[in-house]
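Use the sequences and the hints to build the structure in full.
There are 2 protein chains.
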Amino acid sequence: MSRYNTSDDSCDKTSLLMQLCADRYYISPEAFHTRTCTYGPLGTELKKNIIEQWTSAVRSRAYVFGITTSVQSRMCEESVRIVNVGDLQEILHQESLSKKEASQKIQTLMKASVSVRTSLLQGALQQYIQALELVNRTLPFGLAETGLCHHSDSQLRHSSGCSFEVTESSLVWFCSPRTSSQWMDYWAHQRLQWWRKFALGPSDFDMCNVVDEELKEGASHGVKVLYKFPWGLETLETLWSLGDTLLLKTHQGTCTKLQCRDGRKSVVPHVISVSANMDRGMLAYLFNSFQLMKKTDNKQKLNQRMVLKLHPTLTPVKVALDMGRGSSSELRQVCEGLFQEFLEAGISTWPGYLDTMSLSLENLHTKYDEMGVLFTVMVSESTLKGGLLLVRNRDTTIRETMHISEIKFFLLKYISASENF
Amino acid sequence: MSRYNTSDDSCDKTSLLMQLCADRYYISPEAFHTRTCTYGPLGTELKKNIIEQWTSAVRSRAYVFGITTSVQSRMCEESVRIVNVGDLQEILHQESLSKKEASQKIQTLMKASVSVRTSLLQGALQQYIQALELVNRTLPFGLAETGLCHHSDSQLRHSSGCSFEVTESSLVWFCSPRTSSQWMDYWAHQRLQWWRKFALGPSDFDMCNVVDEELKEGASHGVKVLYKFPWGLETLETLWSLGDTLLLKTHQGTCTKLQCRDGRKSVVPHVISVSANMDRGMLAYLFNSFQLMKKTDNKQKLNQRMVLKLHPTLTPVKVALDMGRGSSSELRQVCEGLFQEFLEAGISTWPGYLDTMSLSLENLHTKYDEMGVLFTVMVSESTLKGGLLLVRNRDTTIRETMHISEIKFFLLKYISASENF
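Protein chains in written order, with full-length UniProt numbering: chain A, 1 to 421; chain X, 1 to 421.
Watch out, some of these pointers could steer you wrong.
As the list makes no split between identical chains, a pair holds if one copy fits it or if it spans any two.
Below 25 angstroms or equal to it, Euclidean Cα-Cα: the simulated PhoX-like pairs (lysine-lysine) are [unchecked claim]:
#1 LYS299 / LYS367
#2 LYS367 / LYS257
#3 LYS413 / LYS224
#4 LYS111 / LYS100
#5 LYS408 / LYS385
#6 LYS100 / LYS216
#7 LYS295 / LYS367
#8 LYS216 / LYS294
#9 LYS99 / LYS111
#10 LYS228 / LYS299
#11 LYS249 / LYS228
#12 LYS48 / LYS249
#13 LYS413 / LYS309
#14 LYS228 / LYS294
#15 LYS367 / LYS309
#16 LYS249 / LYS385
If you're looking for bench data, these hints aren't it; they were derived computationally from the structure.
Right, dumping it as structure tokens:
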């Protein structure tokens with residue numbers, strides 16, 4: 001009998017997935033202890049794919065531009081700062097200083113130190129004037145950025161996953177005050193649709209309005225995209241309708257410089273901020289795609305089969321290349337040829353043929369299912385004879401033969417078709 | 001007569017380029033004052049393209065995997081630390097504490113704070129054991145990462161460009177001690193070739209050996225890739241042959257766990273570290289592609305023409321879409337259709353047709369040349385009548401007509417052909 005009951009034993013499912021993520025190169029085992037974002041090769045690729053899709057979705061409108069702002073923040077009130085400990089210690093070691101004098105020197109040092117940003121919004125607001133020129137004062141337009149933010153402990157009280165350093169993806173949207181509430185609805189709808197598009201279980205992604213007490217400074221309205229983790233709901237993405245308050249505050253006393261055309265009128269635009277936590281988003285897709293199934297092996301023993309059914313667009317490895325029986329040097333040559341062909345076509349490929357420790361076919365499939373590998377391509381004696389490959393599909397577990405000349409086109413078609421589901 | 005003399009007035013050329021970078025959305029004007037990495041839309045895209053090409057070049061070998069490590073460093077000796085100023089102030093405000101007690105408390109706080117990494121090498125060495133499993137102890141293999149590093153002031157004494165926060169791209173290569181010097185030669189050669197591949201003036205990129213006095217701890221040999229900026233040579237990329245010292249130091253006393261197969265023997269691999277400063281690399285390509293030419297306009301006035309001849313693969317905008325004379329609503333519809341078509345094909349496109357302030361054709365070309373836009377496509381009355389577009393090439397300045405059904409394929413072919421030069 002299986003220890004695992006998919007319906008209610010969510011705690012076990014969580015620890016199984018976390019173990020899988022460590023074993024299968026998604027999240028580095030040490031990350032669990034140190035609560036840092038340390039990802040293995042597969043996690044790195046998955047996060048990259050998610051960020052790429054997020055960015056291309058918000059940039060599918062004409063006037064959205066990517067920007068890069070500094071991790072150094074110029075907001076004085078922020079308390080997380082980068083400090084050179086050497087300078088601090090120099091003050092502490094000066095015997096001649098009284099406590100008060102030392103204290104004053106430390107305060108001065110702190111004021112001169114740079115703080116680190118806690119969100120990407122401020123940087124985009126600062127680039128607003130320059131961007132205005134770029135679009136010739138035509139509304140609407142947007143500034144997009146993905147980057148590291150530092151969250152202080154207080155921001156983290158109720159959260160899980162990665163602490164302190166978080167990769168955020170942000171869109172700051174400038175639009176006419178007339179249309180800002182429609183745009184808020186548009187983006188909220190778009191964002192939820194986007195998260196669901198790549199989900200195996202779309203209903204675990206949901207949306208809610210932010211209650212008045214939790215509204216951000218300057219915001220008249222807020223919407224959150226949530227994911228139902230086994231331990232509860234967590235926010236993946238937040239949208240704020242910010243009016244013009246923060247924009248005016250950022251560019252104090254330069255109201256005319258801020259104005260844009262809205263038909264024949266000149267207006268100071270309203271700001272909508274969209275910001276997603278990509279580390280938590282990645283965790284959501286891992287949980288969402290994790291399937292635990294019971295199966296009976298040929299000795300009538302009950303086993304569990306674990307599969308990461310990540311969306312074809314997101315999954316880090318699209319295809320694994322392995323060798324069956326036969327003349328290994330010749331088979332290896334075929335594998336190397338295919339590997340280069342796939343690489344050039346941009347198909348992320350796992351070079352299983354380099355592995356000298358041979359696994360049984362069943363163990364190989366178990367490993368690749370846990371890695372979320374979409375297809376396993378087996379090169380064997382019959383490839384050398386007649387050009388035939390054995391191709392196994394992760395989701396259907398069906399194996400079929402295919403001619404070597406067709407495989408690249410087949411994979412490209414399969415992946416691009418899945419984007420339009 | 002022109003104020004500018006291309007051969008020796010390098011200082012003027014530098015300030016012209018810096019002004020162009022600010023005007024044309026490469027580098028944010030404020031970045032010059034604050035010495036931070038703040039890039040506009042074009043700079044952001046250029047840097048992204050450079051990083052993508054760097055990564056795909058080092059990952060063209062089978063066993064190179066991407067990883068993500070934390071910006072938090074666990075090296076105790078590093079002095080740049082992230083501190084919560086609130087905690088520090090709490091100690092300073094406690095009246096009852098003596099200076100000694102306060103000092104001790106601050107020291108404890110500093111010890112508990114996290115330091116920020118100054119390079120990506122340490123993170124890769126820490127992931128070594130996990131990666132070993134991934135490749136089944138087969139040499140050689142590599143771990144690649146791109147990420148933000150913080151440089152302290154002392155590291156910056158002799159450098160220009162961005163300070164403090166730097167985007168580094170790193171490859172840490174593990175190989176048999178037998179072959180490590182060949183691999184060092186291989187990578188040094190590869191890396192220089194790579195920088196030169198995308199250069200307009202390849203000879204400005206060069207390589208030199210690191211002299212003994214400047215060798216990094218644990219390194220037996222070092223090589224630098226340099227760029228000849230107008231103010232002198234600066235290092236873009238550094239390669240170190242590190243032996244096994246740092247690897248053994250990172251995983252203290254676990255020598256057998258570090259061993260790999262080298263034929264029939266078991267060995268602790270040697271480490272080669274390759275690390276590039278992407279912010280400075282971007283600056284190098286901007287300088288390298290900047291061309292200042294004198295030209296005479298139709299009123300016999302001498303002007304200068306500035307062009308950013310960035311490589312087709314790297315240049316942030318491949319094509320600008322603009323409208324000529326004619327029924328503007330119909331022309332705009334054609335532009336929007338083309339924009340979407342280019343977007344879906346992954347061709348980065350500038351929506352010039354959205355700009356309501358019409359420039360003369362000459363001013364438009366001046367603007368796009370300064371932006372480094374590869375092609376300008378003009379949609380006009382003859383597009384509506386016979387499907388013909390006017391296409392202008394940045395580098396040849398030749399304008400030719402082309403049928404609307406051919407343009408996408410033409411652009412894709414032009415860009416991909418330029419990669420194999």
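Results of checking the hints against the structure:
1. LYS299 / LYS367: within (20 angstroms within a copy, 73 angstroms between copies)
2. LYS367 / LYS257: between (59 angstroms within a copy, 23 angstroms between copies)
3. LYS413 / LYS224: Answer is neither; intra-copy 35 angstroms and inter-copy 43 angstroms both fail.
4. LYS111 / LYS100: both (17 angstroms within a copy, 23 angstroms between copies)
5. LYS408 / LYS385: within (20 angstroms within a copy, 40 angstroms between copies)
6. LYS100 / LYS216: neither (37 angstroms within a copy, 41 angstroms between copies)
7. LYS295 / LYS367: within (16 angstroms within a copy, 65 angstroms between copies)
8. LYS216 / LYS294: neither (46 angstroms within a copy, 54 angstroms between copies)
9. LYS99 / LYS111: For LYS99 and LYS111, the Cα distance is within 25 angstroms both inside one copy (18 angstroms) and across copies (21 angstroms).
10. LYS228 / LYS299: neither (38 angstroms within a copy, 69 angstroms between copies)
11. LYS249 / LYS228: neither (36 angstroms within a copy, 43 angstroms between copies)
12. LYS48 / LYS249: Classified as neither; 34 angstroms inside a copy, 31 angstroms across copies.
13. LYS413 / LYS309: within (18 angstroms within a copy, 36 angstroms between copies)
14. LYS228 / LYS294: within (24 angstroms within a copy, 63 angstroms between copies)
15. LYS367 / LYS309: Answer is within; shortest intra-copy Cα gap is 13 angstroms, inter-copy 48 angstroms.
16. LYS249 / LYS385: Result: close neither inside a copy nor across copies, 73 angstroms intra and 51 angstroms inter.
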